[in-house]
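Novice: Line by line, the protein sequences give chains A and B. Here full-length UniProt numbering is used: position 142 in the first sequence is 142, and no number is missing along the way. Here full-length UniProt numbering is used: position 197 in the second sequence is 197, and no number is missing along the way.
By construction, these hints were calculated from the structure, which means they are not laboratory data. For every residue, glycine included, the Cβ atom is placed at its ideal position computed from N, Cα and C. Some hints could be false.
Stated by the list, open to error - DSBU-like cross-link-like pairs, simulated, lysine-lysine; straight-line CA separation at most 30 Å:
{"no.": "1", "chain 1": "A", "residue 1": "K481", "chain 2": "B", "residue 2": "K186"}
{"no.": "2", "chain 1": "A", "residue 1": "K61", "chain 2": "A", "residue 2": "K403"}
{"no.": "3", "chain 1": "A", "residue 1": "K116", "chain 2": "A", "residue 2": "K403"}
{"no.": "4", "chain 1": "B", "residue 1": "K186", "chain 2": "B", "residue 2": "K131"}
{"no.": "5", "chain 1": "A", "residue 1": "K419", "chain 2": "A", "residue 2": "K518"}
{"no.": "6", "chain 1": "A", "residue 1": "K313", "chain 2": "A", "residue 2": "K374"}
{"no.": "7", "chain 1": "A", "residue 1": "K403", "chain 2": "A", "residue 2": "K365"}
{"no.": "8", "chain 1": "A", "residue 1": "K481", "chain 2": "A", "residue 2": "K116"}
{"no.": "9", "chain 1": "B", "residue 1": "K131", "chain 2": "A", "residue 2": "K101"}
{"no.": "10", "chain 1": "A", "residue 1": "K374", "chain 2": "A", "residue 2": "K493"}
{"no.": "11", "chain 1": "A", "residue 1": "K481", "chain 2": "B", "residue 2": "K170"}
{"no.": "12", "chain 1": "A", "residue 1": "K116", "chain 2": "B", "residue 2": "K186"}
{"no.": "13", "chain 1": "A", "residue 1": "K116", "chain 2": "A", "residue 2": "K61"}
{"no.": "14", "chain 1": "A", "residue 1": "K101", "chain 2": "B", "residue 2": "K151"}
Said to hold, decoys possible - Here are some of the chain A residues that sit facing chain B, going by a computed Cβ distance under 8 Å:
{"no.": "15", "residue": "D80"}
{"no.": "16", "residue": "E81"}
{"no.": "17", "residue": "V84"}
{"no.": "18", "residue": "A89"}
{"no.": "19", "residue": "I90"}
{"no.": "20", "residue": "P92"}
{"no.": "21", "residue": "V95"}
{"no.": "22", "residue": "Q472"}
{"no.": "23", "residue": "M476"}
{"no.": "24", "residue": "K481"}
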Amino acid sequence: MSVELFTSSLSHLFHYRPFLVTRIVSAMLNKFKNAFFSVVNNLDATSPDKNNDIGPNGEPKLPLKFPYSRPHFLQLNGEDEIQVAGDHAIRPIIVPRDITKIPWNSGYAEAVNAGKSLRNEDQARIHVGYLERRHSDNGHSAETTEFHTPPSTPEKDSKTQRPRQRIPYVYFALFDGHAGTGAAISAANELHCILHDKLMDVIHHLLPPTDTGECAQNGRNQVLWFPEREISVESFIVGALEATFHEMDNLIAEDRFVYRVTGGCTVVVSLFICGKLFVSNAGDSRAVLCRGRKAFPLSNDFTPETERQRIRKLAALQPELLGGEYTALDFSRRPNRRDIGQRLLYREPHMTGWAYKTVTPEDLKFPVVYGEGKRSRVLATIGVTRGFGDHDLRAPNSNILIKPFLSSQPEVRIVDIEKEAIYETDVLVMGTDGLWDVTSNERVAETVQRSLEQFPIEDSARYRYRFTSAAQDLVMCSRGKLNERSWRTADSKSATIDDISVFVIPLAAYKEEYLRWKLEMESQTVRPETKEADIPVSEPAASLPTVSVASQPARMTEQPANVNGTPAENETALSDPSVDAVNVEKDEGIVVMEEEAVGPPPSEGAVDPLQLPADPEKNESNS
Amino acid sequence: MSYAYLFKYIIIGDTGVGKSCLLLQFTDKRFQPVHDLTIGVEFGARMITIDGKQIKLQIWDTAGQEAFRSITRSYYRGAAGALLVYDITRRDTFNHLTTWLEDARQHSNSNMVIMLIGNKSDLESRREVKKEEGEAFAREHGLVFMETSAKTAANVEEAFINTAREIYEKIQEGVFDINNEANGIKLGPQHLPSNANTPSGGASASQGGSCC
Chain A
1 MSVELFTSSL
11 SHLFHYRPFL
21 VTRIVSAMLN
31 KFKNAFFSVV
41 NNLDATSPDK
51 NNDIGPNGEP
61 KLPLKFPYSR
71 PHFLQLNGED
81 EIQVAGDHAI
91 RPIIVPRDIT
101 KIPWNSGYAE
111 AVNAGKSLRN
121 EDQARIHVGY
131 LERRHSDNGH
141 SAETTEFHTP
151 PSTPEKDSKT
161 QRPRQRIPYV
171 YFALFDGHAG
181 TGAAISAANE
191 LHCILHDKLM
201 DVIHHLLPPT
211 DTGECAQNGR
221 NQVLWFPERE
231 ISVESFIVGA
241 LEATFHEMDN
251 LIAEDRFVYR
261 VTGGCTVVVS
271 LFICGKLFVS
281 NAGDSRAVLC
291 RGRKAFPLSN
301 DFTPETERQR
311 IRKLAALQPE
321 LLGGEYTALD
331 FSRRPNRRDI
341 GQRLLYREPH
351 MTGWAYKTVT
361 PEDLKFPVVY
371 GEGKRSRVLA
381 TIGVTRGFGD
391 HDLRAPNSNI
401 LIKPFLSSQP
411 EVRIVDIEKE
421 AIYETDVLVM
431 GTDGLWDVTS
441 NERVAETVQR
451 SLEQFPIEDS
461 ARYRYRFTSA
471 AQDLVMCSRG
481 KLNERSWRTA
491 DSKSATIDDI
501 SVFVIPLAAY
511 KEEYLRWKLE
521 MESQTVRPET
531 KEADIPVSEP
541 AASLPTVSVA
551 SQPARMTEQP
561 ANVNGTPAEN
571 ETALSDPSVD
581 AVNVEKDEGI
591 VVMEEEAVGP
601 PPSEGAVDPL
611 QLPADPEKNE
621 SNS
Chain B
1 MSYAYLFKYI
11 IIGDTGVGKS
21 CLLLQFTDKR
31 FQPVHDLTIG
41 VEFGARMITI
51 DGKQIKLQIW
61 DTAGQEAFRS
71 ITRSYYRGAA
81 GALLVYDITR
91 RDTFNHLTTW
101 LEDARQHSNS
111 NMVIMLIGNK
121 SDLESRREVK
131 KEEGEAFARE
141 HGLVFMETSA
151 KTAANVEEAF
161 INTAREIYEK
171 IQEGVFDINN
181 EANGIKLGPQ
191 HLPSNANTPS
201 GGASASQGGS
211 CC
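Please model the complete structure; the sequences and the hints are all you need to start from.
Specialist: Next up, the structure:
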């Protein structure tokens with residue numbers, strides 16, 4: 001079968017967009033090629049195609065999949081400006097050229113490292129898209145746009161002249177690369193495309209049912225006597241996010257045989273969809289909700305320190321991963337030769353507390369997780385335990401792969417923007433570790449407020465720059481100034497020498513946009529046969545529901561303790577098996593729902609497996 | 001494009017005096033009546049010829065707003081030339097020159113060439129600062145002075161090029177250490193024995209750069 005024919009049939013089967021099909025086909029071909037070359041390489045070790053190892057010896061010869069660049073929305077022109085922006089001596093703080101191209105005038109700022117690596121290894125992406133089901137097909141068509149905020153008025157389907165059903169979404173992502181720029185560049189270029197497809201896959205669960213009986217297929221075409229779980233809209237979105245992260249990591253794994261994809265990267269994604277904010281984090285970048293001068297973390301850092309337990313458990317289960325050179329045991333201090341035969345405090349992977357052990361020569365091996373805080377490392381190599389890439393990363397002077405200890409799985413947290421009282425100054429701050437290493441969550445919240453106060457609403461010419469200015473101030477806080485030879489913060493402490501990237505995203509703007517969209521959607525579904533003239537095409541703003549956006553946050557609570565930096569060690573404790581989304585905090589502050597599908601899938605205790613299937617109507621109400 | 005030297009410039013001055021418009025007129029030869037607020041820093045570049053040598057000007061256009069002052073200061077370092085701009089129709093922008101000058105002198109290298117620019121010379125009817133006042137300030141502080149209009153392009157080329165000429169002369173006199181990039185001067189590919197691996201070495205060097 002020719003590739004073209006194969007492509008079109010695939011396209012027909014899955015209703016994928018052509019470029020994705022090309023990717024799937026090329027991925028398939030790559031797999032075949034890999035299999036082929038691995039055979040060939042066994043025969044001929046000097047084959048020119050055996051250049052996929054990006055080792056220290058010799059330059060890699062594979063082509064790049066994507067050229068190095070800075071985030072698209074900065075609109076830097078060419079290599080020249082990329083170089084100026086990456087001046088390690090000055091470390092200019094770069095902000096977008098044209099902020100009208102960025103949803104809700106959100107802020108972004110970045111600064112390059114102080115010479116730690118040649119390039120700025122952070123990457124960022126903004127994507128505005130729609131999930132769209134046309135009446136003329138079964139809901140697998142898609143449209144995406146770059147930059148532009150979707151028009152609030154739904155367009156008409158050209159064939160049926162009925163309003164199209166589309167769900168707008170906005171995506172912000174930060175990637176912090178290490179050991180090369182490849183993985184972060186790939187993720188910045190591809191992650192949102194994969195996510196779009198995953199969301200399109202479940203669009204019928206996200207849209208309200210239509211009058212034509214095009215409803216959630218979930219339940220309709222199912223065999224009657226198997227009960228189906230009720231799944232919330234949030235769970236479909238969380239599922240799409242988790243599947244996307246997994247697929248992205250696999251894509252990088254496959255790509256590295258045909259392209260030069262160096263290093264790895266952390267990922268934090270904020271997805272605004274269906275009136276909610278989904279923060280997915282894999283790595284040590286962070287998302288924090290700033291309300292007034294209070295900070296509410298929306299992500300956990302995944303580092304060897306916070307994931308110590310997971311990594312040690314894995315090491316104990318699969319000791320072959322340690323190559324006989326590392327130990328899963330954790331001693332109160334590193335034992336030396338003279339300790340052999342002595343009793344030393346230690347803990348096994350299944351322990352969090354301490355006990356005594358008589359030291360044996362075996363115990364002198366290097367611990368699988370070693371070091372404290374920012375200096376903690378897995379296999380003496382990597383300081384971050386989730387993200388993409390690093391498929392070829394090995395422990396020093398050995399052949400031991402690091403990748404088995406790393407995970408691409410995100411922790412997803414949900415903020416119900418629709419239900420939550422949102423204030424004008426509520427912002428989501430996303431930043432790579434360059435920001436957070438120097439500036440604490442609280443300090444960040446304070447800085448943002450101080451920045452916003454400098455832009456009164458009366459000052460209409462400057463007002464829309466307030467989030468950009470806040471982002472710039474945050475980068476300035478952590479970058480500091482060059483004092484003789486070292487970078488110092490305003491209070492003369494060491495500033496970061498790392499790359500810094502920051503988003504400052506206003507939540508009130510999303511809420512307003514969402515409520516407007518919802519109103520329009522409701523007017524369509526309630527009166528589906530209404531003639532065009534009757535559909536409120538552009539209602540005056542006065543008829544919109546009042547958005548509770550107060551300039552002064554009225555109710556404020558302390559940071560909820562159980563959302564504040566709880567390491568992922570106690571993941572299981574957080575998931576109530578009977579519900580998909582668990583309210584971790586139900587206080588006057590921010591309600592954060594947490595979803596983490598670690599371990600076995602939750603058993604639906606509430607549903608009797610012998611009962612008749614859930615009422616299809618009920619399922620529809622979910623979608 | 002290959003060049004013999006790269007000079008780094010910085011444009012400073014109060015908000016709204018026309019810094020970004022001067023840059024746009026110089027690099028793109030166009031005027032934008034309503035220009036967005038500059039937050040932080042903007043870049044521009046253009047090639048000029050002095051004494052038969054191709055010189056690339058890399059220009060950093062900074063935010064004039066008081067709120068961004070401390071960030072702007074960190075861009076002074078490593079600049080070979082500065083355009084200090086005021087608006088001839090706004091007296092306060094002229095009055096603030098001393099502060100700007102102190103800032104520039106304190107945060108830049110001592111050899112930086114500073115050109116004082118009175119912009120908006122096309123708005124003669126609204127003039128608040130006499131040309132003689134600008135000249136006197138420049139003389140007093142050892143600056144080069146010029147009135148420009150980013151709108152009509154009057155003297156814009158000259159402002160940038162005269163600054164470059166002054167820097168070039170200082171190089172000839174040996175005032176600048178051209179091997180120290182902190183001075184805002186970089187030797188271009190034309191100076192290097194081989195330009196094969198330089199980032200901007202697209203065109204082959206047509207002129208030998210053997211001035212030093």
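Novice: If a hint holds in the structure, say so; if it does not, say that too.
Specialist: Now for the hints, and whether the structure bears them out:
Using a Cα cut-off of 30 Å, the hinted pair A:K481 and B:K186 holds, with the two alpha carbons roughly 23 Å apart. Only pairs whose Cα atoms come within 30 Å are accepted, and A:K61 paired with A:K403 is accepted, the gap being roughly 23 Å. Using a Cα cut-off of 30 Å, the hinted pair A:K116 and A:K403 holds, with the two alpha carbons roughly 23 Å apart. With a CA separation close to 35 Å, the supplied pair B:K186 and B:K131 exceeds the 30 Å bound.
This hinted pair checks out: A:K419 and A:K518 have alpha carbons roughly 13 Å apart, not beyond 30 Å. Restraint check for A:K313 and A:K374: the C-alpha separation of about 21 Å stays at or below 30 Å, so the hint holds. Taken as a hint, the A:K403 and A:K365 pair is honoured in the structure, with Cα atoms around 20 Å apart against an allowance of 30 Å. Taken as a hint, the A:K481 and A:K116 pair is honoured in the structure, with Cα atoms around 16 Å apart against an allowance of 30 Å.
For the hint linking B:K131 to A:K101, the alpha-carbon distance of about 41 Å lies beyond 30 Å, and the restraint is violated. At roughly 17 Å between alpha-carbon atoms, A:K374 and A:K493 fall within 30 Å of each other, so this suggested pair holds. For the given pair, A:K481 sits about 29 Å from B:K170 by alpha-carbon distance, which is consistent with the 30 Å threshold. Simply put, A:K116 and B:K186 have alpha-carbon atoms about 22 Å apart, close enough for the 30 Å limit, and the pair holds.
Between A:K116 and A:K61, the direct Cα distance comes to roughly 24 Å. Compliance with the 30 Å bound is thereby established for this hinted pair. A hinted pair counts as satisfied when its Cα atoms are at most 30 Å apart, and A:K101 with B:K151 qualifies at roughly 27 Å. The closest approach between the C-beta of A:D80 and any C-beta of chain B is roughly 6 Å, which is under the 8 Å cut-off, so the hint is satisfied. The beta carbon of A:E81 comes within 5 Å of a beta carbon in chain B, closer than 8 Å, and the hint placing it at the interface holds.
For A:V84, the interface hint holds, the least distance from its beta-carbon to any beta-carbon of chain B being 5 Å, beneath 8 Å. At its closest, the beta carbon of A:A89 sits 6 Å from a beta carbon of chain B; the interface hint therefore holds under the 8 Å criterion. Below 8 Å, beta-carbon pairs count as interface contacts, and A:I90 has one with chain B at about 6 Å; its hint therefore holds. Below 8 Å, beta-carbon pairs count as interface contacts, and A:P92 has one with chain B at about 5 Å; its hint therefore holds.
Evaluation of the A:V95 hint against chain B yields a held restraint, the C-beta minimum of about 5 Å falling below 8 Å. At a threshold of 8 Å, the smallest CB-CB gap from A:Q472 to chain B is about 5 Å, leaving the interface hint in force. Because the smallest distance between the Cβ of A:M476 and any Cβ of chain B comes to about 6 Å, under 8 Å, the interface hint for this residue holds. For the restraint placing A:K481 at the interface with chain B, the shortest Cβ-Cβ distance is roughly 6 Å, inside the 8 Å limit, so the hint holds.
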